[in-house]
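Visitor: Each chain, letter by letter, is given below.
Number of protein chains: 2
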Amino acid sequence: MALNKKPVTGMRDILPEEMAIRDYVVGIIKETYGKYGFCSMETPCVESIANLTSKQGGDNEKLIFKILKRGEKLNVAEAQSEEEVVDGGLRYDLTVPLVRYYSNHAAQLPSPFKALQMGNVWRADRPQRGRYRQLMQCDIDILGEPSNLAEIELILATTTTLGRLGFKGFEIRINDRRILKAMAQYSGFPEEAYDSIFITLDKMDKIGLVGVEAELLGSGYDESCVRRYLELYRNLEEAENGVSYLAQALEGVLEQSVSEGLQEIIDNVGATKTADFRMVFDATLVRGMSYYTGTIFEVSIPGFEGSCGGGGRYDRMVGKFTGNDVPACGFSIGFERIILLLTERGFEVPCGKKIVYLVEKGVKGQALCDVMEKAQKAREQGAQALVVRMNKNKKFQKEQLTAEGYEEFVEIYREALKQ
Amino acid sequence: MALNKKPVTGMRDILPEEMAIRDYVVGIIKETYGKYGFCSMETPCVESIANLTSKQGGDNEKLIFKILKRGEKLNVAEAQSEEEVVDGGLRYDLTVPLVRYYSNHAAQLPSPFKALQMGNVWRADRPQRGRYRQLMQCDIDILGEPSNLAEIELILATTTTLGRLGFKGFEIRINDRRILKAMAQYSGFPEEAYDSIFITLDKMDKIGLVGVEAELLGSGYDESCVRRYLELYRNLEEAENGVSYLAQALEGVLEQSVSEGLQEIIDNVGATKTADFRMVFDATLVRGMSYYTGTIFEVSIPGFEGSCGGGGRYDRMVGKFTGNDVPACGFSIGFERIILLLTERGFEVPCGKKIVYLVEKGVKGQALCDVMEKAQKAREQGAQALVVRMNKNKKFQKEQLTAEGYEEFVEIYREALKQ
Numbered sequence: 146m147a148l149n150k151k152p153v154t155g156m157r158d159i160l161p162e163e164m165a166i167r168d169y170v171v172g173i174i175k176e177t178y179g180k181y182g183f184c185s186m187e188t189p190c191v192e193s194i195a196n197l198t199s200k201q202g203g204d205n206e207k208l209i210f211k212i213l214k215r216g217e218k219l220n221v222a223e224a225q226s227e228e229e230v231v232d233g234g235l236r237y238d239l240t241v242p243l244v245r246y247y248s249n250h251a252a253q254l255p256s257p258f259k260a261l262q263m264g265n266v267w268r269a270d271r272p273q274r275g276r277y278r279q280l281m282q283c284d285i286d287i288l289g290e291p292s293n294l295a296e297i298e299l300i301l302a303t304t305t306t307l308g309r310l311g312f313k314g315f316e317i318r319i320n321d322r323r324i325l326k327a328m329a330q331y332s333g334f335p336e337e338a339y340d341s342i343f344i345t346l347d348k349m350d351k352i353g354l355v356g357v358e359a360e361l362l363g364s365g366y367d368e369s370c371v372r373r374y375l376e377l378y379r380n381l382e383e384a385e386n387g388v389s390y391l392a393q394a395l396e397g398v399l400e401q402s403v404s405e406g407l408q409e410i411i412d413n414v415g416a417t418k419t420a421d422f423r424m425v426f427d428a429t430l431v432r433g434m435s436y437y438t439g440t441i442f443e444v445s446i447p448g449f450e451g452s453c454g455g456g457g458r459y460d461r462m463v464g465k466f467t468g469n470d471v472p473a474c475g476f477s478i479g480f481e482r483i484i485l486l487l488t489e490r491g492f493e494v495p496c497g498k499k500i501v502y503l504v505e506k507g508v509k510g511q512a513l514c515d516v517m518e519k520a521q522k523a524r525e526q527g528a529q530a531l532v533v534r535m536n537k538n539k540k541f542q543k544e545q546l547t548a549e550g551y552e553e554f555v556e557i558y559r560e561a562l563k564q
Numbered sequence: 146m147a148l149n150k151k152p153v154t155g156m157r158d159i160l161p162e163e164m165a166i167r168d169y170v171v172g173i174i175k176e177t178y179g180k181y182g183f184c185s186m187e188t189p190c191v192e193s194i195a196n197l198t199s200k201q202g203g204d205n206e207k208l209i210f211k212i213l214k215r216g217e218k219l220n221v222a223e224a225q226s227e228e229e230v231v232d233g234g235l236r237y238d239l240t241v242p243l244v245r246y247y248s249n250h251a252a253q254l255p256s257p258f259k260a261l262q263m264g265n266v267w268r269a270d271r272p273q274r275g276r277y278r279q280l281m282q283c284d285i286d287i288l289g290e291p292s293n294l295a296e297i298e299l300i301l302a303t304t305t306t307l308g309r310l311g312f313k314g315f316e317i318r319i320n321d322r323r324i325l326k327a328m329a330q331y332s333g334f335p336e337e338a339y340d341s342i343f344i345t346l347d348k349m350d351k352i353g354l355v356g357v358e359a360e361l362l363g364s365g366y367d368e369s370c371v372r373r374y375l376e377l378y379r380n381l382e383e384a385e386n387g388v389s390y391l392a393q394a395l396e397g398v399l400e401q402s403v404s405e406g407l408q409e410i411i412d413n414v415g416a417t418k419t420a421d422f423r424m425v426f427d428a429t430l431v432r433g434m435s436y437y438t439g440t441i442f443e444v445s446i447p448g449f450e451g452s453c454g455g456g457g458r459y460d461r462m463v464g465k466f467t468g469n470d471v472p473a474c475g476f477s478i479g480f481e482r483i484i485l486l487l488t489e490r491g492f493e494v495p496c497g498k499k500i501v502y503l504v505e506k507g508v509k510g511q512a513l514c515d516v517m518e519k520a521q522k523a524r525e526q527g528a529q530a531l532v533v534r535m536n537k538n539k540k541f542q543k544e545q546l547t548a549e550g551y552e553e554f555v556e557i558y559r560e561a562l563k564q
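Chain order of the listed sequences is A and B. Numbering of the first sequence is given in the working numbering, commencing with residue 146 and proceeding in unit increments. Numbering of the second sequence is given in the working numbering, commencing with residue 146 and proceeding in unit increments.
So that you can see chain A by itself, here it is in the shape it has in the complex (with noise of 0.2 Å):
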């Protein structure tokens, strides 16, 4: 029978053009992260199904691969739903994993724990262009730390990661969870309709103050909260320094060391940054996630719709796992998402030379020796040394070999050895 040739529905195989440009990217982060004391990390692709599905994930938790029971465990005959048949399940994040792995391990850790995770998540999206249900996902994290040392170390390797990938005049937008909180409650909105106002808001950018007015209106939010929810995020447009009015405008509502915590991290790191981005407070930042306890952070990159990563404080999601908290903060980049940039863009890897040795069908013993002993040469010199037998049509093979990037070629006959 002949087999598949496809990889499976919504997933892909990567060609060695992409995966000479991941390859680079992945050194780059590893080393640009290591310089800041992340720790690579890593855990099973597969989780126990209990775990991915104990409520972290959100909507994740519906596009989980499921994986089937084995031996004696298994009975599909008598099996009556999915429950019966299942034990594990495929990751659909790196930060559920995370926070078990530190929860399981973190005596044998540093505190602070400063984790980098690079690994492939899975979601049974419905397949669509540009999204795919493997993807890598690249994560730090920072587990033991309270004060906003924790978010300033993450945004500063995070753009220093970017801009060493060439990319420049980026974004990084940031908010905190109680601010958001308290500009609900400053408005008079009660605190079970916060997760809906919050939906509505996370659309600003695309259906403007009045679309989100309407839609609050609509949706049959009181009118005088909603008035004041709004004249808030006017006021916030024409102010000088969005914290600042905000930490005034909501005195009593707003702890103080909110405002101050987070004009820390936006003066700290627009100070000591070392790549070209703004940073840039705002109060219309929502992030899906309802673990964040805290700020949250996202970026976005010219050129590109939508965030190209995010992140934020999550303190109450260690407890989950142990009974007890433990001061988390994450960053995720979008791994894919800036591979498909640096890609679109044409990047070329950086690469020492490239030699092939050409070799005529026939040269073989002593003379096959001496050409291997050349390319080992070249290869311990720093190049790129391909060997492979003369084709008929050398001048084509050649323009193969020069489209891969191969610069210099030696052809080696078998009469030019016999002599």
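Don't take each hint at face value.
The list cannot tell twin chains apart, which means a pair is met if one copy fits it or any two copies do.
[Said to hold, decoys possible] When the alpha-carbon atoms are kept at most 27 Å apart in a straight line, the in silico DSSO-like pairs for lysine-lysine are as follows:
1. K207 x K465
2. K151 x K465
3. K326 x K200
4. K522 x K313
5. K218 x K151
6. K465 x K200
7. K418 x K509
8. K519 x K540
9. K175 x K498
10. K214 x K200
11. K539 x K506
12. K207 x K218
13. K175 x K543
14. K498 x K418
15. K348 x K498
16. K519 x K313
17. K519 x K326
These are computed hints drawn from the structure, not numbers from a lab.
Assemble chain B onto chain A, guided by the hints.
Guide: Coordinates of chain B only, in the frame set by chain A:
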């Protein structure tokens, strides 16, 4: 509900110390194989269940982690068998995916295609010490090269990589499936018995010539065949050059090109190798996978029982996907075993200066900016710089950091900065 802190059965979390070694080894592998012109490539971790159960994977096919269908395609309550509820599985090796990939993309790939794959594979083995259900594999393959240039390049690239990782005095054993067959044919065994004979032969290193003889006789094979067969192996032990001996002894049964080709590989690798290892012909080498068609080889490292990698030629596997055979030859190094060996040897990853900035609680504003500025400068100059809050027990904290390899400490106090 408290969540499960442990990884799933048979899989493991990887701690930072080991990850540092893994990252380093991955870097050396990619760099070294790159110099030989191998291109990185990647396939999804999930393959269609049909491809995984196509009899290319031998016993591994019994160990597949299977993936449940999703949405409307799944009906657990009515299903009677596994086949009805699964559509994919986690790959158990990188060879089947490689061949699928090549079949799908050959027109866009260099010819010959020198592929480097590093990725996880999964096998639901019975959990046991040192053997895990998720493991990293590292394969190089050359597709489209019929001559032994492929074998020579694969062995040189692999041994150079092992040498760069500090391994010395190791051994590459080589044989050819066609020699195994010719020896069995010469001895008069019926062709249908070959596979079973090779399974016995494979135990030579454990049970010796006498044990193999006894087991073959015990299996009921003709005594004269067994004698003739064992005589070849006894003579090989005395022979100065095993390949030459067999070329003569098997004249008329073994094609001359096989022994010539094998001798050329041994001579060429011997003459051009850069690492410290021995290349030996071993007529008892079998290698389990039935897909091998020609040369087979294995690497043994002193201090480690069993092989640390191996490979061979499999010229008829692409044809299973496309109908047209393509010459193929591969070498897989035992990544997990190499990491284990390096870890046991206390391998230390080379790294630059490691500095810690210990910041007293309460240092903030401009004072904190100054610290971050210094750390950023140190990183730009190549150091690994950690900025952490000073603990109450500073002595213990510094001991911990020293154990993590930090050697320089800069302490920043509120008072000092107020001046």
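Visitor: Failing hints, ascending?
Guide: 15 and 17
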